[in-house]
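There are 2 protein chains.
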Amino acid sequence: MGKELTSRSEDYSQWYNELVKKADLAEHSEVRGCMVIKPYGYSIWEKMQQTLDKMFKDTGHVNAYFPLFIPKSYLAKEASHVEGFAKECAIVTHYRLKNSEDGKGVVVDPEAKLEEELIVRPTSETVIWNSYKKWIQSYRDLPILINQWANVVRWEMRTRLFLRTAEFLWQEGHTAHSTADEAVKETLQMLDVYADFAERHMALPVVKGKKSEGEKFPGAIDTYCIEGLMQDGKALQAGTSHFLGQNFAKAFDVQFAGKDGKLDYVWGTSWGVSTRLMGALIMAHSDDDGLVLPPKLAPIHVVIVPIFKTDEEFEKISAKVNEISAELRKHNITVKFDNRDTHKPGFKFAEWELKGVPVRLAIGPRDLENGTVEVARRDTKEKKVMNMETVAVDVLVLLDEIQKNIHQKALKLREEMTTRVDNFDDFKKVMEEKGGFVLAHWDGTKETEAAIKEATKATIRCIPLDAPDETGTCVYSGKPSSKRVLFAQAY
Amino acid sequence: MGKELTSRSEDYSQWYNELVKKADLAEHSEVRGCMVIKPYGYSIWEKMQQTLDKMFKDTGHVNAYFPLFIPKSYLAKEASHVEGFAKECAIVTHYRLKNSEDGKGVVVDPEAKLEEELIVRPTSETVIWNSYKKWIQSYRDLPILINQWANVVRWEMRTRLFLRTAEFLWQEGHTAHSTADEAVKETLQMLDVYADFAERHMALPVVKGKKSEGEKFPGAIDTYCIEGLMQDGKALQAGTSHFLGQNFAKAFDVQFAGKDGKLDYVWGTSWGVSTRLMGALIMAHSDDDGLVLPPKLAPIHVVIVPIFKTDEEFEKISAKVNEISAELRKHNITVKFDNRDTHKPGFKFAEWELKGVPVRLAIGPRDLENGTVEVARRDTKEKKVMNMETVAVDVLVLLDEIQKNIHQKALKLREEMTTRVDNFDDFKKVMEEKGGFVLAHWDGTKETEAAIKEATKATIRCIPLDAPDETGTCVYSGKPSSKRVLFAQAY
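Same order as they appear, the protein sequences are chains A and B.
To convert, count from 1 in the first sequence and add 1; that's the working numbering.
To convert, count from 1 in the second sequence and add 1; that's the working numbering.
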């Protein structure tokens, strides 16, 4: 099966599309721009959700649920927000269908027109701050630390599975604070949570940084992000955390009485990651044989394939597999015994490689005699023989090693694909020939940002938080600059 | 705080509305028909979700995600389905807003009209069977056992928090099978899962039964349900499981090749429970002082209230509370230490009673001296003194006892409120004066069902699965009947 996959070097984009479909992760639905997340893909998303949800709760957040629909007038309350989101969206205008006069099917009932159109939420700041207005009177009502798991809709014209779809799943945190300082701390805390999740669970190295004015969230004062690098040298924004200042509080008139009794507008943040993370996970690690999943997010850690000719052999192997599986499960390792008699081992090997299962065990009659198991790891394709007695603990260690190795490999790629450039010819050359991240000086103007994008398709991914102060001149305009920013072509 | 609640006897409906709001479970949003589920309410829903999700997985199901939008033509493919669902729904007709000509706000861009309108899913049979058509070719592709956690929209005109809202959260299982027998077994298995969840976790006794033709799901061959009885004597349908026959397979042309190579239509089921369960949970057990939560679904099992006058007392009590809390947490008991110095103990007692926390511990200076704790249970309001040393284990036992007691109490109420009647005068009298479930003979016709509803507002909740065969005559028409069915006025 793996052989059928287009290779990355041949056509990276095609490789991705095929992989998502062949590994049974997702597919396009016939509903414009919407995807179907298939059970195997969804089980990875569930692992992401569970991990993130725990991280949110550990940092004091609670979940809640707000309406899917946003009255049109809400969107219009925050000027830059409506510019950013009201344009391409799904609009509910009617609430009833009726039988068509020709008797064939149903038509929209013109009498059931809504007085005010409803927008299917592209993000929930407006509807949530409208609630916060009712919930917040005094400093004692603050902070509010709420997260929501939900679906959102943005009417994208060109869609790609997980990366850009009209409907997608995400979480959106919306917090309210009595001071700017506390809100900024929250914004940065959640950026750290996202970075931690990306690095430790997705095995994805990310650069933490701040967006330029041109790239920030419509309605935010500052947008922070984590940026990962995919194997084709393009960047992918994996999560954003916004310091909203008092913008939404002012738009929705949310004021609180401080300890001194004085009224002030509430400070806000919002932050989100989405099913886009699935795209990042796939593109960062997978190879020409299929998915490579970091063990911490793999729905199946270990697949066991029996090698047998006779029923008797199969029975004996199965009995041993049951023992081994029980032992593995004791260590919280998820095991799948592929006992199908309709497929040969080679076919099964390829299928589980395609699906990215981190560890494969193969057990044949000779292994039974010798008390051994053949252990193959997905990331490096290396095989070794392990002792049956100790295989559970050895696999546990191996899973940890795989998690680290996948991260190291991605880190190495990023290092190789990050170039410091000091003039625009080099900038263009790198973008054309090598791709990846480029660290270059920028004069801080929108005009330069736009001109560079026009010339190279590269955008400022972020101003890295750890960028050292360094005197230099803008790679494009030659004007002075105090630090390098991160450029790349991006998804 | 509890005192502010309208009593059940005074106005049950008002009591419910106030309770939902005062206990911080949910509130109406300004978006027509949509509710905001507040953090405390959502945390109960999360517990329901986690428990049900595990039960679904333990019975072999996997989660997936299908589009929010359903093309209008899909709904029209199954004749009775469109009758049931296409009428009151949210219809997306446009995909873009633009600045209005007067410069004030945004308006729908008439040029961005969809070729085919999209319906916000009221339920997902159509969009899912449209996918199944692509997924199913042979018997080897079956069964498909998929569940989805999602939001759905049905345009309700009169809404009540949790019980009937335009948007609500639910899960919908959609399974596909190669034989009718297997699909029926699945339908009944999921009914059992729901009943088991209601009885063991919600502490809600339910009657399992089959819906009459008039009450079944549009598109189903048979609809099974669980029916609970609320304290005001009205029934609440808490979950449904549908045997769809080949109806949706035929509507979407989903055929499979059997082992013999012959083509046949696939057999289907669907089953769901929703945030309506929250309404059932609240109405079944709560009292005039507020919520009564069964421990298995309580977000907080134990609240600890310190009784102190001086800072020194507070410090000493806090130290002991930390010890006790650690001990309780070891037993997987969720603990909240209410250490606010802004409220008096009496206020705190009332607040946690309103929120339904099953067990309250109060610790004062004398308790420290004596090594005791005052333990109050929410369900019976009984208090007793426990030994600090053994309080964790004693509370664990108590929580179990509370879970059982709440169930027993609801069961007793249902027994008292279930009446067998044999003539229509008695039927009307019971419905007028007593309410509750009525077990009566019915001739099996739609006409009688409608006439009884017209006269008494009572509907056939179900034909109980355990109804014994019994020769009788219809309570309304006098025609012969072979078993009693369950009538009630219902939510």
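Treat the hints with care, since some could be wrong.
[Stated by the list, open to error] Think about it this way: if two alpha-carbon atoms lie no more than 25 Å apart in a straight line, the pair counts; the simulated DSS-like pairs of lysine-lysine are:
{"hint": "1", "chain 1": "B", "residue 1": "Lys22", "chain 2": "A", "residue 2": "Lys114"}
{"hint": "2", "chain 1": "B", "residue 1": "Lys135", "chain 2": "A", "residue 2": "Lys55"}
{"hint": "3", "chain 1": "A", "residue 1": "Lys22", "chain 2": "B", "residue 2": "Lys235"}
{"hint": "4", "chain 1": "B", "residue 1": "Lys22", "chain 2": "B", "residue 2": "Lys235"}
[What the hints assert, rightly or not] Some residues of chain A that are not near chain B, with every Cβ distance over 12 Å (derived):
{"hint": "5", "residue": "Gly34"}
{"hint": "6", "residue": "His62"}
{"hint": "7", "residue": "Ser74"}
{"hint": "8", "residue": "Ala113"}
{"hint": "9", "residue": "Ser132"}
{"hint": "10", "residue": "Gln138"}
{"hint": "11", "residue": "Ala181"}
{"hint": "12", "residue": "Glu216"}
{"hint": "13", "residue": "Asp223"}
{"hint": "14", "residue": "Phe309"}
{"hint": "15", "residue": "Pro346"}
{"hint": "16", "residue": "Glu434"}
{"hint": "17", "residue": "Gly473"}
{"hint": "18", "residue": "Tyr492"}
[Unchecked claim] A partial selection of chain A residues facing chain B, derived with a Cβ cut-off under 10 Å:
{"hint": "19", "residue": "Val93"}
{"hint": "20", "residue": "Leu119"}
{"hint": "21", "residue": "Val128"}
{"hint": "22", "residue": "Ile308"}
{"hint": "23", "residue": "Thr343"}
If you're looking for bench data, these hints aren't it; they were derived computationally from the structure.
Quantities reported herein were computed from a predicted structural model and do not represent experimental measurements.
Heads up, the beta-carbon is just placed ideally off N, CA and C, and yes, glycines get one too.
Now for the hints, and whether the structure bears them out:
1. Between lysine 22/B and lysine 114/A the alpha-carbon distance is near 31 Å, which puts this suggested pair outside the 25 Å criterion.
2. With a C-alpha separation of about 36 Å, the suggested pairing of lysine 135/B with lysine 55/A is violated against the 25 Å cut-off.
3. Of the supplied pair hints, the one linking lysine 22/A and lysine 235/B is violated, its CA atoms being roughly 49 Å apart against a limit of 25 Å.
4. In summary, the hint linking lysine 22/B to lysine 235/B is supported, as the alpha carbons are separated by about 21 Å, within the 25 Å threshold.
5. The claim that glycine 34/A is not at the interface with chain B is violated, since a C-beta of that chain comes within 12 Å of its own (minimum 9 Å).
6. The Cβ of histidine 62/A sits about 9 Å from the closest Cβ of chain B, inside the 12 Å cut-off, so the non-interface label is violated.
7. Not every Cβ of chain B is farther than 12 Å from the Cβ of serine 74/A; the closest lies at roughly 7 Å, contradicting the non-interface assignment.
8. Listed as a non-interface residue, alanine 113/A fails to keep its Cβ farther than 12 Å from every Cβ of chain B; the least gap is roughly 8 Å.
9. Look at serine 132/A: its CB is around 5 Å from the nearest CB on chain B, not clear of 12 Å, so calling it non-interface is violated.
10. Under the 12 Å C-beta cut-off, the non-interface status given to glutamine 138/A relative to chain B holds; the minimum distance is some 15 Å.
11. Distance to chain B confirms alanine 181/A as a non-interface residue, since its nearest Cβ pair spans about 24 Å, more than 12 Å.
12. With a minimum CB-CB distance of about 23 Å to chain B, glutamate 216/A clears the 12 Å threshold, and the non-interface call stands.
13. The claim that aspartate 223/A is not at the interface with chain B holds, since no C-beta of that chain comes within 12 Å of its own (minimum 26 Å).
14. With a closest Cβ-Cβ approach of about 21 Å to chain B, phenylalanine 309/A is found to remain outside the 12 Å limit, as its non-interface label requires.
15. Non-interface status of proline 346/A relative to chain B is upheld: no Cβ of that chain comes within 12 Å, the nearest being about 19 Å off.
16. Non-interface status of glutamate 434/A relative to chain B is upheld: no Cβ of that chain comes within 12 Å, the nearest being about 39 Å off.
17. Residue-level check passed: glycine 473/A sits 41 Å from the nearest beta carbon of chain B, beyond 12 Å.
18. Its beta-carbon lying about 21 Å from the closest one in chain B, tyrosine 492/A satisfies the requirement of being farther than 12 Å from that chain.
19. Interface hint at valine 93/A: satisfied, since its Cβ lies 5 Å from the closest Cβ of chain B, which is below the 10 Å cut-off.
20. A least Cβ separation of about 7 Å between leucine 119/A and chain B falls short of the 10 Å threshold, and the interface hint therefore holds.
21. Restraint check, valine 128/A versus chain B: the minimum CB separation of about 7 Å is within 10 Å; hint holds.
22. Using the Cβ-Cβ criterion of 10 Å, the hint placing isoleucine 308/A at the interface with chain B is not satisfied: the shortest such distance is roughly 23 Å.
23. Checking threonine 343/A against chain B: minimum C-beta separation of about 8 Å stays under 10 Å; hint holds.
When each numbered hint is compared with the structure, violations occur for hints 1, 2, 3, 5, 6, 7, 8, 9 and 22.
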